[in-house]
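Student: So you can see what is in the structure, the chains are spelled out below.
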Amino acid sequence: MLFRVFDQGELPILFSALTARHEVIGPVEAGVDRHGKPFYAFEPATDFRALRLAYTTTKLPAKRYFLPCREDLATFRTSGSDWSKTVEYNVDRPRVFFGLHACDINALNKLDKVLTGGDYPMPWYAAKRRNMFIVGVDCEPQPSCFCRSMGADTALSGFDLFLTGIGDRYFAEILSNNAYNLLRGIRAVEPGEEEHVLYRRAVAEKTRKYTARVDTTDLTKILDMEFESPVWKSWGEKCLSCGSCAAVCPTCYCYGVEETVDIDLSVARKTKTLYSCNLVDFAQVAGGHNFRPESHSRLKYRYYHKHRGFVEAYEESLCTGCGRCGETCLAGINVPDVIASVRGEGGA
Amino acid sequence: MTRERTPDMEIPFVDVAGSPFRPPRRNDFAAFEYTYKAEVTRVHTLTAMETLYEIQLLDPEERRRFSFSPGQFVMLEVPGIGEAPFSISSSPLRRGAVELCIRKAGSLTTYLTKVPRGIRVGIRGPFGTAFPMERMHGENVLLIAGGLGLAPLRSAICYVQENRSRFQAVDIVYGAKEPSQLLFSYMYEAWRQDDIDLSIIVEKAGPLWKGPRGLITKRLKEILADRDHAECARNMYAIVCGPPVMFQYVCDQLNVYGIPMQKMFVSLERRMHCGMGKCCRCNVGSTYTCLKGPVFDYWTVLNLPEAI
Amino acid sequence: MKVAGTIEVHHLTRVEGHGNIRIRVKDGRLREARWEVVETPRFFEALLRGKRYDVAPWITGRICGICSIGHTLASIRAVENAFGFDPPEQTRNLRLLLKHAETLQSHVLHLYFLAAPDFLGVGSVFPLIETHPDAVRRAARLKLLANDLCDLVGGRRMHPTRTVVGGFTLLPKKRELAGFRERLIAALPDLSATVDLFRSFPVPDFSRETEFVSLLGDGGYPFIGGRLVSSDGVIRPESGYLEMTNERVVAHSTAKWCRLSRESFAVGPLARVNNNFSFLLPEAKVLAESLGLSPVRHNPFLAHAARLAECLHVTLESVALIDGLLSTDFGEPRRTVTPREGKGVAAVEVPRGILYHAYEFDRDGRIVMADCVIPTGQNHGNIQADLESLAREMAAEGKQDAEIERLAQMLVRAYDPCISCSVH
Amino acid sequence: MAAGGTKSWLGAPLLRPRVAFFELTSCGGCQLQVLNHEGTLLDFLSLVEVTDFREAMTERSHEYDIAFVEGCVSRSDEVARLRQIRRNARTLVALGSCACFGGVPRMKNRFPDPGLLAREIYGEYPMATETVRALDEIVPVDLKVHGCPFPKEELEKVVLHIALGKAIETPRHPICFECKANGNVCLFDLGELCLGPVTRGGCSAWCPGNRFGCWGCRGPADDANLDSLRAIAKEHGFSGEDLADRLECFGGFTPREAPEPSPRRKSRKRGTR
Ligand SMILES: Cc1cc2nc3c(=O)[nH]c(=O)nc-3n(C[C@H](O)[C@H](O)[C@H](O)COP(=O)(O)OP(=O)(O)OC[C@H]3O[C@@H](n4cnc5c(N)ncnc54)[C@H](O)[C@@H]3O)c2cc1C
Ligand code: SF4
Ligand code: SF4
Ligand code: SF4
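Residue numbers (numbering that gives the first Met the number 0), protein chains in the order written: chain A, 0 to 347; chain B, 0 to 307; chain C, 0 to 423; chain D, 0 to 272.
By construction, these hints were calculated from the structure, which means they are not laboratory data.
Incorrect hints may appear among the rest.
As the list claims (entries may be wrong) - The calculated EDC-like cross-link candidates involving lysine to aspartate or glutamate, where the alpha carbons are at most 20 Å apart (straight line), are:
1. A/Lys127 x B/Glu221
2. B/Lys36 x B/Glu9
3. A/Lys84 x B/Glu9
4. A/Lys232 x B/Glu38
5. A/Lys36 x D/Glu191
6. D/Lys6 x A/Asp261
7. D/Lys151 x D/Glu136
8. A/Lys127 x B/Glu53
9. B/Lys291 x A/Asp261
10. A/Lys237 x D/Asp188
11. B/Lys103 x D/Glu168
12. A/Lys232 x D/Asp244
13. D/Lys151 x A/Asp261
14. B/Lys291 x A/Asp118
15. A/Lys36 x D/Asp188
16. A/Lys220 x B/Asp225
17. D/Lys6 x C/Glu129
Computed from a predicted structure; not experimentally measured.
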């Protein structure tokens with residue numbers, strides 16, 4: 000990996016170099032909550048001053064830019080009894096993500112494993128993923144962040160450029176030729192030992208700030224053992240089966256497919272809609288049988304998929320520890336508490 | 000030091016254009032939503048609820064390349080109406096055509112009952128695991144179906160018929176609710192002629208029904224009663240297709256007769272939208288039924304929480 | 000064939016809600032002419048009792064799906080008046096813009112879908128899709144424009160979601176507002192084509208001395224709040240609405256009836272134009288005059304002309320409102336309103352006439368008493384009187400039953416009654 | 000009563016159902032909603048034959064396949080009308096919250112004696128009025144289009160699916176999911192009450208999308224967890240009364256007076272659901 004160091008004052012130049020030719024998505028302030036605290040969202044940004052690089056985790060991930068909630072998989076035009084099918088991946092230009100945190104970059108890395116791997120890469124995702132330019136920034140751990148437990152507190156890959164603040168300078172990690180070229184346009188130098196020390200100090204400082212944690216030791220086994228544990232039922236009693244947790248999760252990718260005909264009968268569409276395993280009919284099949292009729296069985300499945308099944312298949316969890324699901328859940332269901340209760344530490 | 004104050008940053012676009020309707024390579028983007036265009040060439044009403052559709056790919060080249068194994072399924076699509084997974088019911092020897100035995104259950108399946116022959120449909124697949132027929136060569140085979148379970152099983156039966164000499168004793172045990180719900184009745188004679196022992200049992204029947212009545216397990220007990228357990232353990236395979244409650248009972252019973260659970264195969268049904276391990280809808284516990292299944296050996300099923 | 004006997008129109012069509020017309024003529028003389036309202040009452044005033052103040056606008060909107068925006072705005076104003084809250088100019092302008100959008104959509108709906116088929120001799124707008132495709136498409140365009148504007152400002156074209164006590168939950172984007180400015184201007188040719196179409200229809204010749212009640216303009220054509228006026232010279236403050244309406248229950252109707260200086264009075268577009276002619280924008284005034292309007296005209300069929308003039312007026316004024324909104328920076332969308340014990344009344348001109356909402360609150364802002372007086376309710380008595388007079392004249396002229404029935408129906412429709420609204 | 004010849008899909012002719020619209024006790028809004036969304040109105044009309052639509056046309060007929068009924072039942076003559084409509088129609092569709100649950104008018108039922116209410120408001124000429132009931136408390140209902148008002152697209156979907164011969168499914172999950180999918184901020188975070196967590200989805204979170212808490216006009220979602228919502232509302236500082244006011248508003252969360260008869264009918268042309 001190549002490294003550079005540059006003054007924070009150079010960043011706007013870098014930003015405008017990107018906005019000059021590309022759509023840039025970055026964190027901006029989206030409002031103020033009932034406690035008077037600002038909250039943030041990933042939105043298209045053209046003005047560096049509108050960016051909030053010191054943002055706390057956005058309420059919604061950047062997912063909608065690469066896994067939209069609704070996306071046409073195919074359109075059909077008919078003539079008589081014949082039809083023709085058109086498949087479009089809905090991407091025609093590269094897009095810049097400016098200011099993703101490590102957890103959100105790791106979310107992409109995890110999604111890559113399932114969506115771009117296997118015999119059938121998922122083209123709508125893969126096409127967008129291939130056309131992303133990602134500038135990561137370091138973050139300030141929040142009370143709900145447990146990314147460190149999930150090993151997602153630093154990003155080792157999956158970005159082009161990653162910036163860590165060291166005093167009034169940035170320590171930049173470069174992973175792509177594009178990023179390398181970009182940095183050539185500003186005053187950036189190779190770091191020396193002094194900067195390395197500063198970088199390590201910044202990272203150690205950040206690490207010290209984590210408060211939430213999840214014990215993942217033997218977790219897959221424990222989940223299997225506790226499949227019938229009564230704690231699931233008590234979480235299930237709280238769960239609203241609303242699927243908000245999946246909607247805000249940077250890695251939830253389950254979907255449903257709908258075929259529709261436009262009201263003027265001109266085209267038919269096959270549309271993918273992101274779904275959530277917490278929704279009541281997620282596992283319902285023809286004939287009306289539902290494999291997970293109770294809310295606790297669905298909630299349990301969500302945890303199994305993330306913390307057991309995915310680990311089995313890809314040797315890492317599908318959770319990045321961003322804490323969004325716990326923050327959004329009105330019923331207060333969150334990963335650290337649920338896992339602790341399953342481990343027999345603290346009740347539901 | 001000189002430097003450009005406004006660096007020019009053009010990120011090259013990585014072309015991702017798909018090419019539907021050209022033969023896909025694996026790992027190719029176009030493979031995902033690749034649809035074989037096909038035609039419904041025959042419609043055969045089996046019962047009040049089930050119909051058999053013969054579906055042929057239109058493109059001769061594709062017809063040649065399309066092949067499958069018993070137990071696999073395809074996604075059948077009618078534009079604008081729906082897409083759903085169906086087990087292939089026909090012989091794997093027939094290239095470029097499949098027969099699907101479809102029960103009226105919702106949008107697509109009801110629509111199909113009303114369309115004329117000749118309608119153009121789309122087929123994706125074949126997907127999923129198959130019954131390991133070759134592994135069964137030289138052995139006794141028990142083919143057990145309850146209700147619509149005969150649909151996937153029939154493909155295996157075709158295979159057995161076509162390769163009859165490679166198998167020892169072959170038994171089909173088929174159970175249904177009532178005689179009017181029996182599927183593929185026009186085939187029974189042919190099966191028997193191929194030296195396949197066929198027993199049919201129904202739960203309820205009028206006075207005209209001459210055959211046995213009761214649950215499938217009852218009939219099974221009768222068949223297995225005089226077999227030697229050690230023998231069964233050594234040279235018997237079973238394929239069990241039907242609703243989960245049924246295959247659970249049957250498999251547990253077979254286990255009592257000594258057949259190892261790894262030699263019993265069942266087909267799981269789940270909701271599926273992609274067939275390629277992406278949509279997550281078919282997950283059992285956290286196993287993709289569409290990739291690791293639908294055919295599983297019973298031991299694996301036992302180890303899948305919430306499979307049954 | 001001359002006079003026959005009984006005309007019964009059970010559940011009159013192309014009006015909102017259920018009403019019957021019953022006319023009996025014998026030997027060229029009218030025996031009976033009755034306008035019966037048989038809609039089912041829903042007791043909204045009682046439903047509101049004990050509810051918190053913010054429930055009122057949301058629920059009372061459900062009095063009527065056609066003028067839900069008017070009801071919502073009237074309800075909000077009554078609550079704000081009770082709590083002594085004066086909305087800032089931005090909120091007032093946005094509300095008026097929303098109101099105009101509703102007026103335009105309601106008038107277009109009435110003119111094309113409900114009234115025009117009578118003049119073109121068909122039973123509904125549906126056959127016109129083939130015979131007058133241009134007109135139908137024009138109606139759809141105008142209605143779409145007005146409805147889209149309702150969506151933008153109110154959040155939804157029916158039962159709006161952004162309108163709350165204290166202001167709006169969300170403001171439209173300026174870019175979108177600017178887009179509507181263009182669309183409104185582009186709609187002017189459609190409006191004049193509408194005028195041309197209605198100019199080609201004969202206005203039935205019938206008049207009856209009537210008292211007209213409306214808001215009194217104060218520097219402009221009135222829509223939201225202000226003093227109340229009648230063409231017979233009565234003037235009252237907004238809070239004195241009870242003296243203006245004098246509601247009473249009658250035997251053959253589920254709606255209450257009203258009177259003022261005479262046995263009945265009329266509200267609606269014609270009343271507004273009659274009482275506030277001078278406040279119409281110049282272009283609308285010219286149009287009104289060219290359609291035979293001037294203060295005060297007593298032919299109820301001229302209501303269509305008044306609607307046309309108002310369509311032009313609200314379209315032009317909407318453009319001006321948007322210009323005003325675009326030229327200033329948006330302030331906060333919504334202000335906090337503190338409930339207090341007290342009474343509040345609001346009078347709002349909705350498409351069918353003047354609408355009153357009045358509430359009394361306890362200290363926690365819960366509703367102790369609610370009263371809503373609906374324009375169509377105020378009109379029922381006048382419809383009855385017009386109907387009698389029209390039928391009498393026609394019977395005397397020896398008109399045939401079918402003709403009497405046709406004109407009687409057209410007469411009732413000219414009031415654009417909103418019956419379920421009047422029986423709330 | 001509409002333009003256009005025979006329509007077909009994939010070579011198969013579409014059913015052109017004869018449809019009729021009726022209203023019982025209601026605000027007329029749902030019928031108006033049919034005429035709304037002018038952009039698709041003509042396409043919509045070309046899929047059906049409108050045989051009765053009092054609010055928009057004079058011709059009437061008793062010949063229809065689908066009856067769309069708006070409004071709730073609050074008078075005995077309406078019971079008779081509804082029964083007659085049920086006899087004539089092959090498919091009876093409850094249009095909007097009043098028809099599905101009793102809607103806003105159902106709030107009347109909290110007064111024990113409707114007659115007293117009538118006398119109070121109408122004095123010497125009290126109006127006949129009964130307890131408000133939803134359609135399915137009187138006759139079997141085949142389909143429900145939820146909402147006050149419902150989104151026009153939902154009605155279009157019903158008609159289109161009947162024409163195509165497709166099953167009609169209503170979303171079964173709560174509004175919250177759609178709300179998040181649309182990128183809205185949760186109203187609880189903004190300090191407002193919202194019934195999204197228990198209300199049936201399908202409106203694309205219409206109100207929360209406008210920063211206005213959901214009032215539950217589409218009635219409860221399948222498996223709605225009201226107890227959990229109660230705890231959440233309390234935790235966010237809303238009184239039980241505030242929550243009860245909302246839950247009561249559209250009748251969807253109010254217990255039914257009569258058991259819901261099974262909506263099974265012989266001649267239905269639809270799928271299993
Ligand atoms: C591997 C496999 C093999 C199958 N083989 C056969 C077969 O040989 N013959 C046969 O008749 N049926 C078979 N099925 C079942 C068949 O897929 C369903 O009957 C079909 O999905 C119904 O589709 P529809 O459009 O008619 O129903 P819809 O109208 O889409 O839905 C009706 C109900 O089915 C459920 N459903 C929707 N989509 C799916 C889906 N993709 N998969 C499962 N359930 C769904 C919904 O919960 C809904 O309640 C098989 C299913 C699987 C998974
Ligand atoms: S865990 Fe929370 S957010 Fe997720 S479905 Fe349950 S209630 Fe909704
Ligand atoms: S499961 Fe929760 S904490 Fe984990 S990645 Fe998803 S939203 Fe974040
Ligand atoms: S958000 Fe709630 S109140 Fe609003 S339309 Fe949807 S269901 Fe009805």
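Student: Taking the hints in turn, state whether each one holds.
Tutor: Now for the hints, and whether the structure bears them out:
Under the criterion of a C-alpha separation no larger than 20 Å, the hint pairing A/Lys127 with B/Glu221 is inconsistent with the structure, at around 60 Å. Restraint check for B/Lys36 and B/Glu9: not satisfied, since their Cα atoms lie roughly 40 Å apart, outside the 20 Å limit. For the hint linking A/Lys84 to B/Glu9, the alpha-carbon distance of about 33 Å lies beyond 20 Å, and the restraint is violated. For the given pair, A/Lys232 sits about 49 Å from B/Glu38 by alpha-carbon distance, which is inconsistent with the 20 Å threshold.
Under the criterion of a C-alpha separation no larger than 20 Å, the hint pairing A/Lys36 with D/Glu191 is consistent with the structure, at around 16 Å. As the CA atoms of D/Lys6 and A/Asp261 are separated by approximately 13 Å, the hinted pair is consistent with the 20 Å bound. Using a Cα cut-off of 20 Å, the hinted pair D/Lys151 and D/Glu136 is violated, with the two alpha carbons roughly 25 Å apart. Of the supplied pair hints, the one linking A/Lys127 and B/Glu53 is violated, its CA atoms being roughly 39 Å apart against a limit of 20 Å.
Distance check on the hinted pair: B/Lys291 and A/Asp261 sit about 36 Å apart at the alpha-carbon level, beyond 20 Å; violated. Between A/Lys237 and D/Asp188, the direct Cα distance comes to roughly 19 Å. Compliance with the 20 Å bound is thereby established for this hinted pair. In summary, the hint linking B/Lys103 to D/Glu168 is supported, as the alpha carbons are separated by about 16 Å, within the 20 Å threshold. Among the hinted pairs, A/Lys232 with D/Asp244 is inconsistent with the structure: their alpha-carbon atoms are about 30 Å apart, more than 20 Å.
Between the alpha carbons of D/Lys151 and A/Asp261 the distance comes to roughly 14 Å, so the proposed pair stays at or under 20 Å and holds. At most 20 Å may separate the alpha-carbon atoms for a hinted pair to count; B/Lys291 and A/Asp118 meet this at roughly 13 Å. For the given pair, A/Lys36 sits about 10 Å from D/Asp188 by alpha-carbon distance, which is consistent with the 20 Å threshold. A threshold of 20 Å between alpha carbons decides the hint, and for A/Lys220 with B/Asp225 the separation of about 42 Å lies outside it, so the pair is violated.
For the suggested pair D/Lys6 and C/Glu129, the alpha carbons sit about 17 Å apart, so the restraint of at most 20 Å is met.
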